Each structure stands twice: as structure tokens, then as C-alpha cells.
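Here the protein sequences come in this chain order: V and W. Sequential numbering of the first sequence, starting at 24, is according to my numbering. Sequential numbering of the second sequence, starting at 102, is according to my numbering.
One should not assume that every hint holds.
[To be verified] Below, computed lysine-lysine pairings styled on DSS-like, alpha-carbon distance capped at 27 Å: (1) W:235 - W:216; (2) W:185 - W:231; (3) V:299 - V:258; (4) V:58 - V:106; (5) W:287 - V:164; (6) V:258 - V:164; (7) V:164 - W:525; (8) W:231 - W:216; (9) V:258 - W:376; (10) V:106 - V:164; (11) W:235 - V:164; (12) W:224 - W:316; (13) W:389 - W:376; (14) W:302 - W:146; (15) V:299 - W:525; (16) W:569 - W:174; (17) V:299 - V:32; (18) W:569 - W:302; (19) V:32 - W:525; (20) V:258 - W:302; (21) W:525 - W:535; (22) W:569 - W:316; (23) V:299 - W:302; (24) W:287 - V:194; (25) W:231 - W:146; (26) V:32 - V:153; (27) V:106 - V:153; (28) W:316 - W:287; (29) W:428 - V:32; (30) W:535 - V:32; (31) V:224 - W:146.
No lab work stands behind these hints: they were computed from the structure. What you are looking at is a predicted structure, and each value in this text was computed from that prediction instead of being measured.
Take a look at the letters that make up each chain.
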Amino acid sequence: MNDQAPINKIIPFSNVDGPGNRTSIFFQGCTYACKFCHNPETIRLCIHCGACVPGCPTGALRRENGLVRWNATDCVQCDACLKACPHMSSPRIRWMRAEEVFHEIRRAFPYIEGITVSGGDCTLYAAFLKELFPLVRAFGKTCLIDGNGAYDFTRDPELLEVCDGVMLDIKAADPEWSRFLIGNDGACALRSLDGLLRAGKLAEVRTVIFPGRDHENEETVRTVAQQIQNACPYKIIRYRPFGVRTEFQALLGEDTTEFEEAERYASLARSLGATKAFVV
Amino acid sequence: MSEALHVIQDPTLTYRQQLVGLARLGESTDRSLRYSDAYYAAKAKGALCDLNEGVMPFRPRYICPDYELLFQKGCEFLQLDPPKDLLEAVNVLEIFYCHVPSITTYPVYLGDLDKLLEPFVVKEDRAYAKKVLKLFLRNIDRVQTDSFVHADIGPEDSVTGRLLLELTEEMQLAVPNLTLRYDPEKTSDDFALACVRCMLKTAKPSFANHRMFLKEWGDRYAIASCYNGLMIGGGGYTLPRMRLYECSLDARDADDFIARVLPAYIDLQLEYMDKRVKFIVEESSFFKTNFLVTEGFVRQENFTGMFGVVGLAECCNHLLGIADVRKGFGLNPEATRLGLRIMDAIQERVAEHTAPYCDAFDHHYRLHAQVGIDTDGMDDSPGTRIPIGAEPAMLDQLEVNEQFHPYFPTGTGDIFKFEETWAKTPEAVLSIIKGSLSRSLRYFSGYLENNDVVRVTGYLVKKSEIEKLRQKKQSLNQVTLYGMGAQDGGHALDRRIQTHE
Ligand code: SF4
Ligand code: SF4
Numbered sequence: 024m025n026d027q028a029p030i031n032k033i034i035p036f037s038n039v040d041g042p043g044n045r046t047s048i049f050f051q052g053c054t055y056a057c058k059f060c061h062n063p064e065t066i067r068l069c070i071h072c073g074a075c076v077p078g079c080p081t082g083a084l085r086r087e088n089g090l091v092r093w094n095a096t097d098c099v100q101c102d103a104c105l106k107a108c109p110h111m112s113s114p115r116i117r118w119m120r121a122e123e124v125f126h127e128i129r130r131a132f133p134y135i136e137g138i139t140v141s142g143g144d145c146t147l148y149a150a151f152l153k154e155l156f157p158l159v160r161a162f163g164k165t166c167l168i169d170g171n172g173a174y175d176f177t178r179d180p181e182l183l184e185v186c187d188g189v190m191l192d193i194k195a196a197d198p199e200w201s202r203f204l205i206g207n208d209g210a211c212a213l214r215s216l217d218g219l220l221r222a223g224k225l226a227e228v229r230t231v232i233f234p235g236r237d238h239e240n241e242e243t244v245r246t247v248a249q250q251i252q253n254a255c256p257y258k259i260i261r262y263r264p265f266g267v268r269t270e271f272q273a274l275l276g277e278d279t280t281e282f283e284e285a286e287r288y289a290s291l292a293r294s295l296g297a298t299k300a301f302v303v
Numbered sequence: 102m103s104e105a106l107h108v109i110q111d112p113t114l115t116y117r118q119q120l121v122g123l124a125r126l127g128e129s130t131d132r133s134l135r136y137s138d139a140y141y142a143a144k145a146k147g148a149l150c151d152l153n154e155g156v157m158p159f160r161p162r163y164i165c166p167d168y169e170l171l172f173q174k175g176c177e178f179l180q181l182d183p184p185k186d187l188l189e190a191v192n193v194l195e196i197f198y199c200h201v202p203s204i205t206t207y208p209v210y211l212g213d214l215d216k217l218l219e220p221f222v223v224k225e226d227r228a229y230a231k232k233v234l235k236l237f238l239r240n241i242d243r244v245q246t247d248s249f250v251h252a253d254i255g256p257e258d259s260v261t262g263r264l265l266l267e268l269t270e271e272m273q274l275a276v277p278n279l280t281l282r283y284d285p286e287k288t289s290d291d292f293a294l295a296c297v298r299c300m301l302k303t304a305k306p307s308f309a310n311h312r313m314f315l316k317e318w319g320d321r322y323a324i325a326s327c328y329n330g331l332m333i334g335g336g337g338y339t340l341p342r343m344r345l346y347e348c349s350l351d352a353r354d355a356d357d358f359i360a361r362v363l364p365a366y367i368d369l370q371l372e373y374m375d376k377r378v379k380f381i382v383e384e385s386s387f388f389k390t391n392f393l394v395t396e397g398f399v400r401q402e403n404f405t406g407m408f409g410v411v412g413l414a415e416c417c418n419h420l421l422g423i424a425d426v427r428k429g430f431g432l433n434p435e436a437t438r439l440g441l442r443i444m445d446a447i448q449e450r451v452a453e454h455t456a457p458y459c460d461a462f463d464h465h466y467r468l469h470a471q472v473g474i475d476t477d478g479m480d481d482s483p484g485t486r487i488p489i490g491a492e493p494a495m496l497d498q499l500e501v502n503e504q505f506h507p508y509f510p511t512g513t514g515d516i517f518k519f520e521e522t523w524a525k526t527p528e529a530v531l532s533i534i535k536g537s538l539s540r541s542l543r544y545f546s547g548y549l550e551n552n553d554v555v556r557v558t559g560y561l562v563k564k565s566e567i568e569k570l571r572q573k574k575q576s577l578n579q580v581t582l583y584g585m586g587a588q589d590g591g592h593a594l595d596r597r598i599q600t601h602e
């Protein structure tokens, strides 16, 4: 196949993307455009409009034959381009083949448990993942997928076969609330949850708790907890306005969910049998 | 003001610190041990440094007594019988420690505490054993008041090892420094994880590459002082250091440095070491009459000289005309390669030299990556470390370290500062440690930002104690002062924090 995928970032050592020390690979592009996204610059592919070029303080961005080119060596990671981009994108993308990614991450292998692919939505590049994972697993390293729930894993047994587990976002159980938050009714995510459970590939579930949305929060937590029981950890995440686009801060509030409020939902989940529920 | 009066009037020095300061001054009045003019010139330039070891070495710099022997046959001079229970064992050690000399006047090696005490600990009720060990640690912290006081544990799990970790967490003391000898086959993940958790709370223990030390030293090695590999029943005579940045100022370019400048300075430092070693063995009374020697707790043939280097990064950057440390040694393959060439040259020349009184080491000195002293400022980074503030991402930093650690049997190490979230994921930290030690990292130290006990360049201090000194109050630990100097001059506490970006 030798398809290329747009890679937003590779972090050699990460302790927050699954068990142990892991290399995290972030893909560019997402099926959703969640209102509460903290990394909106990963949502769309760059359309080379050039709006970010003039603001780059180091000349790391250049126009060339109608394309915007990024020079990694000159970049100082100031993020000015991300703020300037009106298209929820980033110019700092590398199009890479699976073997190229493999060669780059290989040197981290002695120090890591495995890799986690994330996004954006990495499942947009399922074919790429099916090439990458066997290369990594040949070295005894595990491969986890960080999924936003858009991908119907039940229809891709081949992908499930080559991955060690999926960490799944369940953003909303109520279809209305789901439509408001992410633009679809959320049924696909729930179907994946069920399928992954059956396949023994559910590594972790995560739900964000929004301040003051008692009814919606409770419905999501109940649905997940009853379903997963003690099969995997259930991370209850507090909504934080930091990084969220301002127009949506207005809709979702500028408050952070209190720890106590999140903890209430974690204990609700535990009382329903999801014994590995906790607040992060 | 005379230097003596300065010491006497200094409000931040405790009585014992004044005593040591005045003794140093007294020692320096003698002129019997002379070196060549070229040596003095190099010293005046700052190219060679004697680490304030004093002009008259009246004892080896580091001494690692054979405590097993002490427990087997007792000590005649100190009138101590072999201990029969835990209380006697710690009492014997507490007394003995007070009679082990060193450059700091405090013992730099307290023994493999878990192995020594385990037979006694397992005979006691756990709570009682813990109480006794707690008082033992308190005694060490208040009596051996110096962060270069060092104890070792591992590689195997033990009740004593676990109790020492528990107490280290509960008591939050800077003394003693602590090392786990880590061996992937002998150290269980569970015990290693307990050590990681303790390290993230207290900045200790550090992790030593047991297999690497075994290969070089055999199974009777100690980790003493900062991170110094030495032989048990022996030690280190002396530790001077080449300040490689200052050395490099004499060179026209890298080739000139390696061909001409470096060998000359190496030879001067070797000459200096030879003279001191001979003086300690032949002139001073230590190896003739000290009870440690006469009763066999140390043997002269188990000592070696430690050939120190410091500032390799700045040396390479200077020779290549690199002004921005972020583009220099450790981050720039050309500079790092030059570093390897320089280390090869040093290693080779030191290995060619026949050293006096180093019988257990085939008559050779061993290299040491000196950790820097408080007055170094930003000119010379410790040993072969990447300058603070320029550290690359951790993976790159480890890979650079792994290339340089094998050169230094008598010690080197690097320190990694972790951001808060890592406290919740000790397994992730352990993966990193295991990975690096399975390659060729020699010694790994870590601590969490915002801890009170922090690792400066090799030793531990409490940030709260540094604050005391700033307010012109006394600190019981004589090393706190160095910590303040390293923080002010070398920005030693500003090293890169390992985040997940
Ligand atoms: S982050 Fe963007 S704006 Fe900043 S230097 Fe890099 S490319 Fe330029
Ligand atoms: S990153 Fe955004 S602003 Fe820059 S060229 Fe691409 S789409 Fe335009």
C-alpha cells in the first residue's frame, strides 16, 4: 500500500497515553469537530491558504508553488501559526509512510511499553495502522488506539486483530446532547464500545463531565458503567475551558468542573459496577 | 580579614563546620609536598583543580570499610564485639561510622545496609525493627551531617530494603544518599517500583547499573559519596580533575587539543596523583597505624586514584566555536562525536600510565566524571553532562549519556527532573530506567519538581535548608552551602523538567 498519513506530532515518552511509558503518535484530521476540543488545530487538513505564514517569527513557514512548507529545524514551537489558522489546522504536518514512522520511533523501544496512536482521529488512517502495528509488535511492543468513537470497530476485525486495545471516548449517551456536542447521535461510539468489550480489546473508556450538566453527565456515566463493569479503567475527566475555542467557551461555560463534582460521577460509576472508575 | 577570622566569624557555619574549615587552613600552611611548576601554572589557570583536597593528604579521600568483616569479628580498637541482634548491630555501625575518615570528615560509604542488617531484622517483629531502623537513620542524619554519606541496597528485595524505603519516605531526610544496585535478573519489578515511588517522593534512591559495575569491579564494589564506584575494603586515594573547558582555551583547534594540549594536561594530573598517592601510602600514618588498616577493614592494595574530568560539553563547544549551548554538545552530532574522541584519548593515555599502589587495578587509575563544585558557575558542566537549560528531550539525553557512561568506572551519572504527573505513573518511570540500564547507562537519578529534598549535582539538599542559609542561619548539613552555590552559580535546580509535552 505504502500510503502516507499526515503526522501532527510524535512524542517519544508519554506517561498519559495508556499504561507505562509510551510513544505517542498524533495524526492530523478528525471526523468530528467537538465543541470542547482542546487541540482544535488537529481537526482539519491544511488547505494551504497561507494565512499563518506572515506571523511566523522565525521564517519556518514559506510559500512554495502554492503550498505552505514548514521547516522543522527553524521552528521554535511558539504556536503562533496554530492561533492564526482559521481552518482548525496546522502547517506543522509531516506526511509519512508507516515504515518511516516505524524507523523514527524505533529508538525509543528500549524505554517504552508500546505505542499509542491518537489524533485527531487516527482511525481515519486505518490502513496505515494495519501496516504500522505489525512492525511494532514484532519487537514485543504493544499498540493502543486512542479512539474518539467515530470509527465502527465492529466492522474492522482486521484492525482489532493487530492492535492490543482501544481507549475509547464516550462523549455522550443522550442522542440530542451528542448532536449538540459532536454533531452526531453517538450511536456508533456505543456500538464500538459493545464490540470492543466482546472482542476483549477495550483498554479504557473516558468521559468528560461538564459543569452543571447533571442530567447529561449522569446518563453518559450510567450507560458506560453498566456496560463495561470492571472490564477496564473508566476515566472521568473534568471539563476545562483552557484551549477550547472562545465561541464554544460561551456555550459550555468558562468554569472548570469541580473535582468533587467529577468524583460524584466516579463513585456513581463504581456503585454501578465499574470498579475501576476514577477522576483524572 | 584573615581567612581564619572569616571562618570564626561566619554566622552560617556550625561549630563542626568551623572546625573543618580551620583544619583545612592549618593543613595548608605546610609546604613539604611540592609539585612541578607546570602543575602550579595549570592550577592557577584553572585548567587543573585539586577540589580543595588540601596540600597534605593525611588519609585517602574515600574509604569503604568492609562492614561484613566488622560484623564477623568485631573491632578490637573500638572494643566492639560482633553484634548478636539488631540493636547491637546498629549500635556497632553508629560507633564505627564516627571513626571512618574521608575528605569530608564523614564516612562516604555506610555499607550495603540491607544485606548487613537483614539477618537481624528478620528475627524481630516488623514494627520493632522499623522503630530501630528509624532511630538508626535519625542518628545518621543528625551525626553524619553531610550529603556525601551514602548507603547501598539491592539488587535483591529484602525486608530491610523495604523498611529503609518506607522510612526514607516518612522521614524526608537528605542524609544518607541511597543507591539501588539494579539487576534485571535479580531485582523484581515490585521492588524496583517501590524504589521508583520513593525516588519520586524523596529524590532517592538512585539506580546503579549493577551488571556494568560487576564487570569492572567484581562483586565487592560500593557506590559511595555522590555516585562513586569503589572497591569494598578499599577506596579512592585522591580525586583531582581536569577542567576541560579551561584546558581547551590553550588549543588552536580540536586536533591541536587532542594531539598537544590534552596529553600535557593529562600528564600533569597524573604526576600530581602519583605524588599524592605515594605520600599517603609512604609518608602519612594512615596505612601504617590506622585501625581500619591494621585490623583489615581496608587494604591498601584495594585503593585506586580517581582521575576526574569536568566540563566536556563546554570544551567541545569551545573547540568547535559553538556559542549557543542549544546547538552544541549533546544536541549536535559533530560536537558529541568530538566528545567521544576526547574521552577516547583521555582513557587511552590514563590506561598507559603505570600508577603506584593500585595493585587491585592492574596498576591503573580509573576515570571519574566529576560532578562539579559550587564555584564552577556555568563554565564547566558536571562530567560529560549536557549543560543545564540545553538538555534535549529525555530520549536524546539518555542516548548521549549512554555513549559516555562506560568511560567512568569510578562514577558518573545524570539527573532527570520529572513533572508532577509522573508521580502517578511509577511504571512509566521504571520503563525508562530499565531501558537505559539495559543499554549502557551507568547511573540514573531522578526527582520530582516541587519536592523539598532535591538532587543538586550528585548530592541531595533540602530546599528549605538552602533558604535557611540565605537568611544567614546555620544549616546542620555542611553540604547545604554547596547546594546554594550550585543553585546560584550553576542554576543546578533549573534543569529541564520531563513532561509529556
Ligand atoms: S510554531 Fe508555527 S509560527 Fe511558531 S515558529 Fe513554528 S512554524 Fe513558525
Ligand atoms: S495551517 Fe491553516 S492557515 Fe496555515 S496554510 Fe494551512 S490552512 Fe492556512
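Verification of the supplied hints:
1. Using a Cα cut-off of 27 Å, the hinted pair residue 235 (chain W) and residue 216 (chain W) holds, with the two alpha carbons roughly 17 Å apart.
2. With a C-alpha separation of about 18 Å, the suggested pairing of residue 185 (chain W) with residue 231 (chain W) holds against the 27 Å cut-off.
3. Straight-line distance between C-alpha atoms of residue 299 (chain V) and residue 258 (chain V) comes to about 8 Å, which keeps the hinted pair within the 27 Å bound.
4. Distance check on the hinted pair: residue 58 (chain V) and residue 106 (chain V) sit about 16 Å apart at the alpha-carbon level, within 27 Å; holds.
5. Under the criterion of a C-alpha separation no larger than 27 Å, the hint pairing residue 287 (chain W) with residue 164 (chain V) is consistent with the structure, at around 23 Å.
6. For the suggested pair residue 258 (chain V) and residue 164 (chain V), the alpha carbons sit about 24 Å apart, so the restraint of at most 27 Å is met.
7. The suggested pairing of residue 164 (chain V) with residue 525 (chain W) holds, with an alpha-carbon distance near 22 Å, which does not exceed 27 Å.
8. Of the pairs offered as hints, the one joining residue 231 (chain W) and residue 216 (chain W) holds, with about 16 Å between alpha carbons and a cut-off of 27 Å not exceeded.
9. Distance check on the hinted pair: residue 258 (chain V) and residue 376 (chain W) sit about 65 Å apart at the alpha-carbon level, beyond 27 Å; violated.
10. With a C-alpha separation of about 36 Å, the suggested pair residue 106 (chain V) and residue 164 (chain V) falls outside the 27 Å cut-off, and the hint is violated.
11. With a CA separation close to 42 Å, the supplied pair residue 235 (chain W) and residue 164 (chain V) exceeds the 27 Å bound.
12. A distance of roughly 34 Å separates the Cα atoms of residue 224 (chain W) and residue 316 (chain W); the hinted pair therefore is violated under the 27 Å criterion.
13. Proposed proximity of residue 389 (chain W) and residue 376 (chain W) is supported: the alpha carbons are some 18 Å apart, at most 27 Å.
14. Restraint check: the Cα-Cα separation between residue 302 (chain W) and residue 146 (chain W) comes to about 42 Å, which exceeds 27 Å; the hinted pair is violated.
15. Simply put, residue 299 (chain V) and residue 525 (chain W) have alpha-carbon atoms about 15 Å apart, close enough for the 27 Å limit, and the pair holds.
16. The suggested pairing of residue 569 (chain W) with residue 174 (chain W) is violated, with an alpha-carbon distance near 44 Å, which exceeds 27 Å.
17. The suggested pairing of residue 299 (chain V) with residue 32 (chain V) is violated, with an alpha-carbon distance near 30 Å, which exceeds 27 Å.
18. Our distance criterion of 27 Å between C-alpha atoms is met by residue 569 (chain W) and residue 302 (chain W), whose separation comes to about 22 Å.
19. About 24 Å separates the Cα atoms of residue 32 (chain V) and residue 525 (chain W), which keeps this hinted pair within 27 Å; it holds.
20. A hinted pair counts as satisfied when its Cα atoms are at most 27 Å apart, and residue 258 (chain V) with residue 302 (chain W) qualifies at roughly 25 Å.
21. Note on residue 525 (chain W) and residue 535 (chain W): the hinted pairing holds, with a Cα-Cα distance of about 18 Å set against a maximum of 27 Å.
22. With a C-alpha separation of about 44 Å, the suggested pair residue 569 (chain W) and residue 316 (chain W) falls outside the 27 Å cut-off, and the hint is violated.
23. For the hint pairing residue 299 (chain V) with residue 302 (chain W), the CA-to-CA distance comes to about 25 Å; that is within 27 Å, so the pair holds.
24. At most 27 Å may separate the alpha-carbon atoms for a hinted pair to count; residue 287 (chain W) and residue 194 (chain V) exceed this at roughly 45 Å.
25. With a CA separation close to 52 Å, the supplied pair residue 231 (chain W) and residue 146 (chain W) exceeds the 27 Å bound.
26. Distance hint between residue 32 (chain V) and residue 153 (chain V) is fulfilled; the C-alpha atoms sit about 19 Å from each other, no more than 27 Å.
27. This hinted pair does not check out: residue 106 (chain V) and residue 153 (chain V) have alpha carbons roughly 33 Å apart, beyond 27 Å.
28. With a CA separation close to 16 Å, the supplied pair residue 316 (chain W) and residue 287 (chain W) stays within the 27 Å bound.
29. Distance hint between residue 428 (chain W) and residue 32 (chain V) is fulfilled; the C-alpha atoms sit about 22 Å from each other, no more than 27 Å.
30. Between the alpha carbons of residue 535 (chain W) and residue 32 (chain V) the distance comes to roughly 25 Å, so the proposed pair stays at or under 27 Å and holds.
31. The straight-line distance between the Cα atoms of residue 224 (chain V) and residue 146 (chain W) is roughly 66 Å, outside the 27 Å bound, and the hint therefore fails.
Taken one by one, the earlier hints fail for this structure at numbers 9, 10, 11, 12, 14, 16, 17, 22, 24, 25, 27 and 31, listed in ascending order.
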